[in-house]
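Could you put the whole structure together from the sequences, leaning on the hints where they help?
8 protein chains.
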Amino acid sequence: MEKQYLRQLLTKLFDRSISIEQALEKLKHLPFEDLGFASIDHHRPLRKGYPEVIFCQNKTPQQVVAIALSQVKHGETVFGTRANVKVLDAVNAGVAGVEVDETARCFWKKSKTWKKHRTEGSIVICSAGTADLPVVAEAQRTVEILGHTPRMLKDVGIAGIHRLFSYREILHTASVIIAIAGMEGALPSVIAGYVACPVIGVPTSVGYGSHLGGMVPLFAMLNSCASGLTVVNIDNGFGAACAAVAMVNIKG
Amino acid sequence: MEKQYLRQLLTKLFDRSISIEQALEKLKHLPFEDLGFASIDHHRPLRKGYPEVIFCQNKTPQQVVAIALSQVKHGETVFGTRANVKVLDAVNAGVAGVEVDETARCFWKKSKTWKKHRTEGSIVICSAGTADLPVVAEAQRTVEILGHTPRMLKDVGIAGIHRLFSYREILHTASVIIAIAGMEGALPSVIAGYVACPVIGVPTSVGYGSHLGGMVPLFAMLNSCASGLTVVNIDNGFGAACAAVAMVNIKG
Amino acid sequence: MEKQYLRQLLTKLFDRSISIEQALEKLKHLPFEDLGFASIDHHRPLRKGYPEVIFCQNKTPQQVVAIALSQVKHGETVFGTRANVKVLDAVNAGVAGVEVDETARCFWKKSKTWKKHRTEGSIVICSAGTADLPVVAEAQRTVEILGHTPRMLKDVGIAGIHRLFSYREILHTASVIIAIAGMEGALPSVIAGYVACPVIGVPTSVGYGSHLGGMVPLFAMLNSCASGLTVVNIDNGFGAACAAVAMVNIKG
Amino acid sequence: MEKQYLRQLLTKLFDRSISIEQALEKLKHLPFEDLGFASIDHHRPLRKGYPEVIFCQNKTPQQVVAIALSQVKHGETVFGTRANVKVLDAVNAGVAGVEVDETARCFWKKSKTWKKHRTEGSIVICSAGTADLPVVAEAQRTVEILGHTPRMLKDVGIAGIHRLFSYREILHTASVIIAIAGMEGALPSVIAGYVACPVIGVPTSVGYGSHLGGMVPLFAMLNSCASGLTVVNIDNGFGAACAAVAMVNIKG
Amino acid sequence: MEKQYLRQLLTKLFDRSISIEQALEKLKHLPFEDLGFASIDHHRPLRKGYPEVIFCQNKTPQQVVAIALSQVKHGETVFGTRANVKVLDAVNAGVAGVEVDETARCFWKKSKTWKKHRTEGSIVICSAGTADLPVVAEAQRTVEILGHTPRMLKDVGIAGIHRLFSYREILHTASVIIAIAGMEGALPSVIAGYVACPVIGVPTSVGYGSHLGGMVPLFAMLNSCASGLTVVNIDNGFGAACAAVAMVNIKG
Amino acid sequence: MEKQYLRQLLTKLFDRSISIEQALEKLKHLPFEDLGFASIDHHRPLRKGYPEVIFCQNKTPQQVVAIALSQVKHGETVFGTRANVKVLDAVNAGVAGVEVDETARCFWKKSKTWKKHRTEGSIVICSAGTADLPVVAEAQRTVEILGHTPRMLKDVGIAGIHRLFSYREILHTASVIIAIAGMEGALPSVIAGYVACPVIGVPTSVGYGSHLGGMVPLFAMLNSCASGLTVVNIDNGFGAACAAVAMVNIKG
Amino acid sequence: MEKQYLRQLLTKLFDRSISIEQALEKLKHLPFEDLGFASIDHHRPLRKGYPEVIFCQNKTPQQVVAIALSQVKHGETVFGTRANVKVLDAVNAGVAGVEVDETARCFWKKSKTWKKHRTEGSIVICSAGTADLPVVAEAQRTVEILGHTPRMLKDVGIAGIHRLFSYREILHTASVIIAIAGMEGALPSVIAGYVACPVIGVPTSVGYGSHLGGMVPLFAMLNSCASGLTVVNIDNGFGAACAAVAMVNIKG
Amino acid sequence: MEKQYLRQLLTKLFDRSISIEQALEKLKHLPFEDLGFASIDHHRPLRKGYPEVIFCQNKTPQQVVAIALSQVKHGETVFGTRANVKVLDAVNAGVAGVEVDETARCFWKKSKTWKKHRTEGSIVICSAGTADLPVVAEAQRTVEILGHTPRMLKDVGIAGIHRLFSYREILHTASVIIAIAGMEGALPSVIAGYVACPVIGVPTSVGYGSHLGGMVPLFAMLNSCASGLTVVNIDNGFGAACAAVAMVNIKG
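Residue numbers (the numbering used here), protein chains in the order written: chain A, 1 to 252; chain B, 1 to 252; chain C, 1 to 252; chain D, 1 to 252; chain E, 1 to 252; chain F, 1 to 252; chain G, 1 to 252; chain H, 1 to 252.
Honestly, the hints are just simulated from the structure, not real lab data. Careful, some of the hints might be misleading.
Computed list of lysine to aspartate or glutamate pairs in DMTMM-like fashion (alpha-carbon distance at most 25 Å, straight line) [claimed, not checked]: (1) B:Lys12 with D:Glu144; (2) D:Lys12 with B:Glu21; (3) H:Lys59 with G:Asp155; (4) H:Lys86 with G:Glu102; (5) A:Lys154 with D:Glu76; (6) H:Lys59 with G:Asp89; (7) A:Lys12 with E:Glu21; (8) H:Lys73 with G:Asp89; (9) F:Lys86 with F:Glu76; (10) A:Lys154 with D:Glu52; (11) A:Lys86 with H:Glu102; (12) D:Lys112 with D:Glu76; (13) E:Lys59 with B:Glu169.
Computed from the model, here is a short list of chain F residues facing chain C with C-beta under 8 Å [as the list claims (entries may be wrong)]: (14) Ser70; (15) Val72; (16) Tyr208.
Pairwise CB distance ranges, derived in the manner of DEER restraints [to be verified]: (17) E:Ser17 with B:Arg151: 41 to 49 Å; (18) D:Trp114 with F:Ile170: 54 to 62 Å; (19) C:Met152 with A:Lys86: 55 to 63 Å; (20) C:Gln62 with F:Ile170: 43 to 51 Å; (21) A:His172 with B:Lys12: 26 to 34 Å; (22) D:Ser111 with G:Gln62: 32 to 40 Å; (23) A:Met152 with E:Gln62: 55 to 63 Å; (24) D:Trp114 with A:Lys86: 28 to 36 Å.
Ideal Cβ positions, reconstructed from N, Cα and C, are used throughout, including at glycine.
Structure (structure tokens):
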């Protein structure tokens, strides 16, 4: 079939009943666009709405610095996650003008073209205890580098549930809520039962005993009796932030 | 503190320096709203954006019919999920004007006030094989009852990946994509690597051997190397649809 | 005490007011407290505060009826759990005056000496949905046969958390609360964060997908960030009731 | 409905047919008490029967000292758990008059108002080997800071079961028994089959091979064939102590 | 780049310096092949070396018959796996000339163009007991439909290891060996330690107790101390056969 | 080396300095025995101390009868395990003189040469409840067919531990004890802490909730703090019996 | 026997050849045998056939030395397992005449009364690679301290199965075989299929990837298709040795 | 049978109708070859197609050097895997002329007789990110030491799937493809759906959260909906390389 179509097209060109440009145009609307596939991906950061991110775990400080410098050179925004102290030190020493957040294990350097999004929707990040802070900070920094300013609610755990409800106005006017919880992981369920907007649950590996490295809150969130809740991997503050930004970027 | 505020308010009313309506108005903006809490919840279906749903698993046909009839009587839209054949038969016999989808294991009866949303965003539902159809259909029916019309792409599995890319225009213009997959669960990852919009992964329990009842695609999706992907429970087409609608309902 | 008894016995023998054989006979009913251990155990139902219970799972209807009739003959209270329909039918046919609760999968026949405890403490049983009803009913019937009258709160799930708080007075004056929940199992955590009395969490096997047959709520309860919460096995309404009664029976 | 009631009440006040105090009183019996919700929680330590506890795991020594000093300043009793050597050193150096138990990984400083409970019930803590000592000590210190004096039975493992039975009098007169065991976790089952009072099982992470980090004794306790037994998380001596105190505090 | 090449090609055609057929030929060797991707995939059975297979699990008998008839109509070879008795009966009734193997749960109808491969390599299928027979038969039938004739060794379990070694000549001259085992799954390890050719291990779900539905032999094979062994999913006789045929089809 | 030996032997035969029979005899003691390996295996039942056993699970009634009849014909003792009702009926109908135990799911027909072992050691089989009876019976029947007469202690569960100790004399004079337990699986640990002889633990799949199909008692036994305890697979009464007989057959 | 003793005692009292207090005193050391249970346990090492063992894991070097010195003082044989380098150094420094095996992580000092058993049965210990050596050595040292001399076969892995068979005479004349294996854990199965004597499988934690810390060989051994095989916990060389000695000590 | 054959043979020799050498020759073709079994194994490296490999994990640097030197002395090729830095340093210092790859954790020294295979088939190794590099390098070095030269495709992850397809010619002309992936492990599935040759999936332990140490990609690969894919253990680059070489060595 495709082959027939192609033969007809080429025949028309051979017969000069269409021009070269017309043939070219038609072919672009063929699977052909796969040809453009690769180059489109070159623009992938722009298309996906956020810059290429350096996942530092399993990379040496040297490797990280090299990648960052290459990005700086190409005028791109640099953003690194899961960076341990050694990596952060190396980046601090090797990349001029870089900013660092040790708790978030992140670093970044905004390009000249970086700009804040017109905030069409507000992202709220809720969490419970101090132990979840690295994940909370990673989510916060990721949302920021993607051009949004999250509202942080840091002391709203399930053990004193009234604290959560005292923020009811913030919760009810949010566009997306990221709810981060370790232990029994009930916070996202309670929130999703309370609001209408999408809620993204982030289980954390904080706990002990039969906590299974975060599997317990992960499964608790997946089995929530409240709807509108979706979940990302354990400790994946970065992923939650990317998804949240993708949601508020939906063009209504 | 709150108590002081309350006393002052009541004193003003007693002194007639404010009207009853003004006092009432103020109290509504107090924790008092907690008083309204219960009644607000009465309106919860409206607030959350979708009607109260009857989860039929573990309910007898009689129970389901009784609940449905009560909803009909109150002029509410009825929507039931996870209904086996016996339940569907009972509903068909007992609830006049009900509609039924056996594959989706769903039934529904729209209320008079039900109306289609002005579709500000389009929801796409992608799936691979025929075995996932019940989950696909549950997602489809849920999206519909919530007022949206999903675009269905049913034959786009990873084993012949070109089929997926032939729908690239649909994928790139979607507001939210629900990607449903059993087996190795790679479809949502591939899609999330390809588009900018939020992707909701739904693992299914379809498979055999070391499939672990759907745990394998669930974990594969949670560990996706593509960002923008969030996940719901195994076979939870309903939950994915609710989340998708919540996303497209974000007011920009 | 035991020692006093022994000294008296030996004194009698020394005084020859009893024969060697008589002393021997008595001693058999002594140390014997390890030896008498067995006979004490004969009274075990009384000592533990509840009658010997017939766990019907894996027993034939005939076996169950035979045990029940033997207990009736000895003037004991009969109580059977995990009885399927066949067992309940057989018991109904074979044991005169037996009472049956199909939802609870229990049957019982109180002995003449059975009596209600002076209720020194009130037991509250909280649960969420209709799907947990068999476990709820098993807990209720067990508490009752042990002489207490539980207060039932059946519609207090986490998805509409205000319903729970509307019962705050009942919750705050309870002696012990049994909290039964499937799905993500957050209810006991929320309650234990709210009250001072002991809370017993009962995870149920109600759920689907990655619910792991009730493991998810079980682990969620074990990892609760609220204290005062202890847990029993999945679906173990009977065990929770026994523990609750043991708690209210503590002599202050 | 609530709103009608409120309007009537305010109307009466406006009409001066009731006094301000009367209106205030009525409002307190409304959901309004939710207003008091927050402040009640301020008193939560008193209400729950024990002070706010500092869970030191995942906190820096500086953070712990800062929290402790703040509690001292407010005249509250300080109690910290899961404190490693560095934290204990920092607390020792930074908090005057603090007491420390290295085995228990706890520290405490009683406030002036701290007082011993009139012991209405006695708590017994049973354990087997030396390896479980940190968990045993945590339970002991927690019971003590909550105002009770536990009876310690430290050498009563299942491998020499007669040792346990030689304490039969202590066991039979206890109000609550905390049974702590690693390995195969059989101790709580044996005790719960022997006594009438509530037994709280604490599995420990002591073991090797297929011990699964304490999952084996945890599951063994949950599956006990003896009733009256409830369970807390692995190594959770603190939680067991809180539950035990909650039980003996039940007002008959 | 690709685009430049394409323009040049089209220009040549426009200039009639190449023929339509020449242009067509060139385009086939372009990314264009992606265009051909779809149509190539139409020929995918040929390319992969085996026909499109009907995986019957989760399909209704009607669906299976419909697919089979459609394939017959297009002159394709039909091959169905995981067909239960109902499906086999329906196929027998509905597809003229079909062949059926109940043990293998397979059916097939060879097309006119089907032909036996010139057997460049011999495939040996080893198994232990009668319980594994359905998996063994599925592997056998799949190898056959792909044009090869496997050598079957059916009684060579590890419990009487000499039986295996009595076939040493067959084992040492094989091109590929498929080793199928349930229980402890040691057979593939023993064989792979004994021969030089590739060995494909197929764990089966035959066993009881802690067999974990075939996970035990699966993991045993993955952890084999012998090299040259690769593994497929539990009970996946079909997959092992496809891989074996792919191996013997390698053109040296 | 072997080769030298062989050449010498053959040379002696060639020289007629030994007879054919002598050569044959010598060769039997060579690696050659590997030759005899197969035939020895023919005698394997005798060598292992028990007849070839028919594991009926996954076999059709016809297959089982055919195997049994073939064994009868060869004058061998027949013993079948894991036989469901259909298989037992078929065997009863098809094999003259067969004996059947429905609870044990076993059947047997002793050959003429079958004889009771001179009991050099006594095997004791301990178990707790009625639910474990099928496993207990399988162990009992297996011990019997292997020529020993086990002593059965059927009511010695951990929940009333004194019952066990009342059999102390039987326990202390046993050669091997098979201890069968479901639920928390503590019985073998308690026994192994009490006796000096080897104890074989058999976990059973009896339980509910977090019982994991018998994994809980299996792991509890493997983690026993008592030594001298070894374990077989879940529900494997047959395997325990074989091992027990192998132990008492050790020639001192 | 006990009864005879009791009758004699009572007769003496009846005869007034002893006083009441003397009778009381004696009885305290009796029932007491159940009751004297404790004192028997004082002799437990002798009764179980091996000395009290110091399990050093989770003990400080000081604790270990203190226990060892106390045992030396009471003339008991000292034997410690799971001793790390620090413990071994401390023991070397603190306990005169102690012997140490670093690979086995064991130390021992035989008492004056220690003596070799008349070896009524020979214990064979089989293992595969160098990685299992610590477990092998622990088993060896334990067998030795219990008075037996094991035969060691250290290079008989499944990957070159002929090596195993070259020891066939040793295997066939053994009383008990301990088979130690990591990786896929097939060695005990192969041996148990080959010999008639009891085989004790010891899975080790040696492996990588999906080895699950030794769970894979553990489960493989439990699911062995060969009978006569029982299993101990992962890496439990000590337990296997104790069980093996208990087996060869069975008095025929 | 064998015995009859043997007797006839020996009779012929006795009758001198055959020579000693002829008898010897015949016996070599008997099971006797088992005699040669051991010596054949001496040649096992040659037979299996690759040298004896030193698995360094769990070996001391001294042990590794000793084995390597012994191999050098016997003129064998040396190849070591899983060597940490200490081992590599020791080998570098102790084995003259050794080559080392730190990333691959391998070292090797080719013997004089080592030679490159005539490459009858080309092996392609595909991988995604830098984190998988150690596994990729181990596979590469193993393929090389076995005499082949793999084609390396290092940047072809699923998140930018077009990169993979740009190598389509390499993929379609490969004899065997090794596909290495961590995270969600989808790469091998996508490739196996695209090519006809055998694909070997290697899951890696690279990931975080619910990655289960590589279990997630392992299970994803086992459950692939594409055929022709077989799998090796997590991180087992060595095993994949051995299997790949065994495949290309199949003699057509």
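>> Quick check on the hint: F:Tyr208 CB to chain C CB, less than 8 Å?
In response: holds, 7 Å
> If you check the beta carbons of D:Ser111 and G:Gln62, does the distance land in 32 to 40 Å?
Replying inline: Roughly 36 Å apart at Cβ, these two residues keep to the hinted range, so it holds.
>> Tell me if the straight-line CA distance from H:Lys73 to G:Asp89 falls inside 25 Å.
In response: Distance ~38 Å between H:Lys73 and G:Asp89 Cα, so the pair is violated.
>> Checking one constraint from the list: CA of D:Lys112 to CA of D:Glu76, max 25 Å. Satisfied?
In response: Status holds; Cα separation ~8 Å.
> For the pair D:Trp114 and F:Ile170, does the Cβ-Cβ distance stay inside 54 to 62 Å?
Replying inline: Cβ of D:Trp114 to Cβ of F:Ile170: about 56 Å, so the range 54 to 62 Å holds.
>> Verify the CB-CB distance for E:Ser17 and B:Arg151 against the hinted window 41 to 49 Å.
In response: holds, 45 Å
> Is it true that the CA of D:Lys12 sits at most 25 Å from the CA of B:Glu21?
Replying inline: holds, 13 Å
> Keeping to a limit of 25 Å between CA atoms, is the pair of H:Lys59 and G:Asp155 held or broken?
Replying inline: Roughly 15 Å between the alpha carbons, so the hint for H:Lys59 and G:Asp155 holds.
> Lying within 55 to 63 Å: is that true of the beta-carbon distance A:Met152 to E:Gln62?
Replying inline: Distance hint for A:Met152, E:Gln62 holds at roughly 57 Å.
> Is it true that the CA of B:Lys12 sits at most 25 Å from the CA of D:Glu144?
Replying inline: This hinted pair is violated, its Cα atoms lying about 51 Å apart.
> Regarding the hint that F:Val72 lies at the interface with chain C, is the smallest CB-CB distance below 8 Å?
Replying inline: With Cβ-Cβ at 33 Å, over 8 Å, it is violated.
> Are D:Trp114 and A:Lys86 spaced within 28 to 36 Å by their CB atoms?
Replying inline: Check failed, 46 Å falls outside 28 to 36 Å.
In this structure, the hints that do not hold are numbers 1, 8, 13, 14, 15, 20 and 24, in rising order.
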